[in-house]
Structure formats: C-alpha cells, structure tokens
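Student: Those protein sequences? They're chains A and B, same order as listed. With the first letter of the first sequence counted as 1, position 114 gets the number 114 in the numbering used here; the numbers rise by one all the way through. Whatever position you read off the second sequence (first residue = 1), add 1000 for the numbering used here.
Among the clues, some could well be false.
Claimed, not checked - Which bits of chain B does chain A cover? Going by a derived footprint, with three or more residues having C-beta under 8 Å, they are:
no., stretch
1, 1022 to 1033
2, 1044 to 1054
3, 1069 to 1078
4, 1119 to 1130
It is worth saying that the hints were derived from the structure and are not from the lab. Here a beta-carbon is modelled for each residue, glycine too, at the ideal position from N, C-alpha and C.
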Amino acid sequence: MNKLLLLFAFVMVFFNAGAQNRFFTKDAKINFNSSTPLEDIIAESNQATTFIDIEKNEVAFSVLTTSFKFRRALMEEHFNENYMESSKFPKAKFTGKILSPIDWKSEKAVIVDVKGELAMHGATKEVTFKATITPGKSKVTATAELKVTPEDFKITIPSAVRDKIAKEVTIKIDAVYAPYQQ
Amino acid sequence: MIGIVVGSAGVYYVFNMPHRNISKENAVYTLEAKQLISDFKSDEAVATKKYLDQAILVKGEIKSVRTLDNHSMVFSLEDEMEGVSCTVDSADVVSNSSKLSQFVKGSTGTFKGRCSGMLMDIQVINCVPE
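Please build the complete structure, drawing on both the sequences and the hints.
Tutor: See below:
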C-alpha cells in the first residue's frame, strides 16, 4: 500500500514537472523600419521562432534573415547581400530575461523590462527594451519594440546611401504563443 | 539623348526590379523532405551553404496545416516541430486554392520554394504547390 502511495506521489510530481512552463510559436512577426524622409524602408518576417519560459522568465527569439520581405526586390537583395550577408550569417537571435515581476496566472497585460543579448551579422550586443505581455493559460501574447544601430552589429552602410537609411532601426515584435508540448 | 533614355530606363528597371518568382524557376534540387532534414541535421553549415536561397522542390508527408493572420499558409512536412515548413504566400494561396485544398494532414505534398535555412525546422518560403 505504501509503495502504491509512493508510486502515486511520484506520478503526481512527474506530471507537475511536465506542467506547462514553456510557450512557443514559429509564426511570430518581426518587422523593422529604417525609413528616412528620403526612403521608406520597411521589412517583415512572419517566420520567427520564439519561446517563453514562464518559470525562469526567459525569452528566446530566432529568425532567418532571408525570410524578411521588402516592398522593393532591390532592397531585399541589398539587405541580404551587402548588409546582413545572409549567406554567411543566416540567423538573427535574441536570448534574454524578463526583469520585471510578472504574474503568469493573471491574464492581464503588463509592461515589462526585457534584457538580453541580440546576435546578428556575427556580432552580439546587449539590449534592453520594454515588452507588453498578456499571460494566459492556453495563449500568451507579447509585443515589443526596440531600437538598434546598424553599426553596433558591424553593418557598414556606404556613405552614398547613409542618409537614406535611418541611424536607428526600429524593430517591432508581435508574437502569439501556444503551450509547448514535447 | 538615346543614351540618357536607355540609361534612365535601366536605372528605373533595376530600382523597380520585380521580386523573384520561384514558380517560374526550375528547381536546382529536387528531393524528399526527409533527405533535406537529414542534410541539415548532419551538418547545418554545409547544408545552409548548399540550399540557402536556392529554388528547391521538396516532397513529404504533411503533418500540419496552418493559416497565418496574413492569410499565408504553412505546411509542415514530416514533423511539425523539426520538419520542413513550406510557406505559401497569400497571393499564391488564392491562385492555387484547388490544389492546396487537397494538401490535408496525412497526405503527401510537393512544394517548390526558396530555402531560407534552419531554425528548429527547415524553412522553405515563397512556395507553390506542384
């Protein structure tokens, strides 16, 4: 009888450990805007993969740089070939932590601080930004906005076009996470 | 004078050049999704070099079908998490709707698209069904 109880306790612990602490999506939206009065430069990818671990308050993003779509094919070509060098550095990644306390059971939107490392084009830089997270049992949504400087990631922009591209690029993230079942 | 006209037409064309139309390109590689997965799993760097930005024709069992909020569709071949994800843009969803309606979970699908590399899954974008 004791053994059975022990087994039962073990099973309970096991299932609890397997309780939902990771949320994920493969279809997160990332867009960036480096427009200037001289040129509209907007690109978007719908294919970012991202995880949130609600136990550790950790968040991770990754996106393939060739999945960004531009209005002009020429811009897309320049982005991949000259600036991001996508064949050499095919991915951009972010891993970080949610610094502000968050009640994952609340289902109420909260604004939090996120800090972590953004890696692209062979360079890594620490970034902090604000994100709005709406927790939920079956769905977590998150939006965030951050600004980066191309030069911080060793992306050199020829002086002839430097005035056409914003000094600071605004990156916007929009993700709807589902529970991650493995 | 003619030089100026031709030159400016050239500049205009390059500036406004159309996006790649994968559906009109011949596939550089034709292969099973399983082969593509094993190529990427055995050496991601080598596979990325080989397949990145190439037009490929890939065939496999459809494990999931999703429609994104921008109306593009994603078909996961062989494995939902770590398989091959073929994305069909919304305009191509409309023009290939009858073919795509047969591509249900459990059936075999063939897509031509542009390989953009691997995250958890291998991504093939700008896909059209074959």
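Student: Against this structure, judge whether each hint is valid.
Tutor: Evaluation of the provided hints:
no., hint, result
1, 1022 to 1033, "violated (count 0)"
2, 1044 to 1054, "holds (count 4)"
3, 1069 to 1078, "holds (count 3)"
4, 1119 to 1130, "holds (count 5)"
Going through the hint list in order, the structure does not satisfy hint 1, though it satisfies all others.
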